[in-house]
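Enquirer: Spelled out from the first residue to the last, the chains are:
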Amino acid sequence: MNYAHADDVALVAAARDGELDAFEELVRRHTGVVYAHAYRFFGDGAAADDAAQEVFIKVYRSMDTFDGRAKFSTWLYRITRNTCLDMVRSGKRRPLPIDPLDVAHVATSDIADEVALSTTIETALSALAPEDRDALSAVSLFGLSYAEAGTALGVPAGTVKSRVFRARRALAAVLEIPRGGAR
Amino acid sequence: MECNEAQALVSAALDKETLDAASLQTAKEHCRSCESCNAFVRTLAAVQRQPKPEPPADLPDRIIARVRAEAAAQQVAATAAPASATPAGPSAERRLDPRAIWRDPKKRAAAAAWASAAAVVLVVAGIATYSGVRQILIPPLASEAQREVVVLDSAAPESSSQPYNGAGATAQQSDGSVAGTATAASTGYISVNGTVYRYAGLVQGIDSATLRRVGSANTALDAAADPPASIDVLASPDLTRVFVSREQSETVYAFDRVTRLYSNTVYVQRSGDIARFGEWPSLPSGIPQPQTPEGSPTFTPDGQDASGVTVYRRTGSSADSGIAIAPGSPASDPAAGNPGWTWWEPLQTP
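Protein chains in written order, with this note's numbering: chain H, 139 to 321; chain C, -2 to 347.
The set of hints was computed from the structure by calculation and includes no laboratory data. The beta-carbon is built from N, C-alpha and C at its ideal position, and this holds for glycine as well. Heads up, some of the hints might be wrong.
What the hints assert, rightly or not - Simulated crosslink set (DSBU-like; lysine-lysine; CA at most 35 angstroms straight-line):
| hint | chain 1 | residue 1 | chain 2 | residue 2 |
| --- | --- | --- | --- | --- |
| 1 | C | 25 | C | 13 |
| 2 | C | 13 | H | 209 |
| 3 | H | 230 | C | 25 |
As the list claims (entries may be wrong) - Derived CB-CB ranges, DEER-like:
| hint | chain 1 | residue 1 | chain 2 | residue 2 | range |
| --- | --- | --- | --- | --- | --- |
| 4 | C | -2 | H | 314 | 36 to 46 angstroms |
| 5 | H | 159 | C | 26 | 17 to 27 angstroms |
| 6 | H | 268 | C | 212 | 24 to 34 angstroms |
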């Protein structure tokens, strides 16, 4: 069966009935955001790779607990975030320390250089306060609304809004992108 | 319009929040003329355009391969288990009196032989199906130190990954409270004289000569719709494993004592009654629920165990009288998956 056009809830339902092709579609559809969140959490590709695998194994094992009341992406975000936190708590992985000089570098680098800018933005994102980065990730990577992110994070929507704004202010302060620099 | 307000409006607009159109227009005009707000908008644009870190091209395939392997293992378990053990659940039980088997030396010997043979099959099946097996297999009795790190059912408590402040589906605790941090019911616990035991599997034919009655448990076991009833509990000599059986059933449920190590001391988990499978152990009745995620005012951090899990003690007391663990402990932790605080007391050696 071709699941390319099925929505996430339908895919979960089919996967729950044993249709592994449906689960495969979920994996292909969402690996990118899960990996990206984990990458920004750990600042390390190998750890992000491990985390993404763990996330989807957990999703597979706990599909019965997904009741469809929340969006699949809200549920997936929560599992992703918690998996990363668990990996740190269990000592399996540690976020790579961020050297402030790596972030400060942008102000003096040639920001017309797309690669340098991209690297610096990634570093700056990883250097955000964890709760601010989590909120920004929920909204900008997983596409959750403030209310949905609030549900996943266990905080009011207004708190998510504040954290996202704070994250962006922090990025603006550290990146100092001049007129025309970011195109 | 103030810079802060203008930037907040632009930020919210980027996230597709519903905003007052006139206010947003004013904010945009402000950002065009204000250098610092303009820089903020430029940053937003740059970050928005930033491509997200891309996973290795083969990552989805590797994930899918793992999932398919796990699914295959579960299928093996599902087909192996009925041939070697009575499936869980009351409907599958044969209505025989286990006490008759335990009393009759001939039946007891036959049952023990059957159990030994079944155990071999179960162990083979367990190896073949590794950690994804949902049908629990009885491991040999282990030492206290070994047992405290055994995760008997890695498949059931998905919520082990849920930290304290993660929201989600609810899970029932044994004190009737509903915690908002778990996504799955528990594997199966009983409380015997306040000490918590975790479901380890089903056995048929137990040599009762080596067991002794240690009390009763008020539980419906895995019968979700039945009211809890008082059931006699037999224990191994070292009390690390207990056995219970329903009336008129030859199926015996085995449970292992739940322990943890902290500061070179073995602690046993304590809880009030646990009415049925699916409920989690909770704080004993004499210990108030903390009011904050940090445990206050009930608990104060005492230190970390060898796995880095923060261990709490009662405020004003020492860890010698007991320790508490916050929800959200990692999957390898004995309290993994529990959506609430758990309480542990030093093991009293007889």
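Enquirer: All hints, please: hold or fail.
Expert: Each hint tested on the structure:
1. 25/C with 13/C: holds, 15 angstroms
2. 13/C with 209/H: holds, 17 angstroms
3. 230/H with 25/C: Roughly 46 angstroms separates the two Cα atoms, so the pair is violated.
4. -2/C with 314/H: 36 to 46 angstroms: violated, 23 angstroms
5. 159/H with 26/C: 17 to 27 angstroms: violated, 52 angstroms
6. 268/H with 212/C: 24 to 34 angstroms: violated, 46 angstroms
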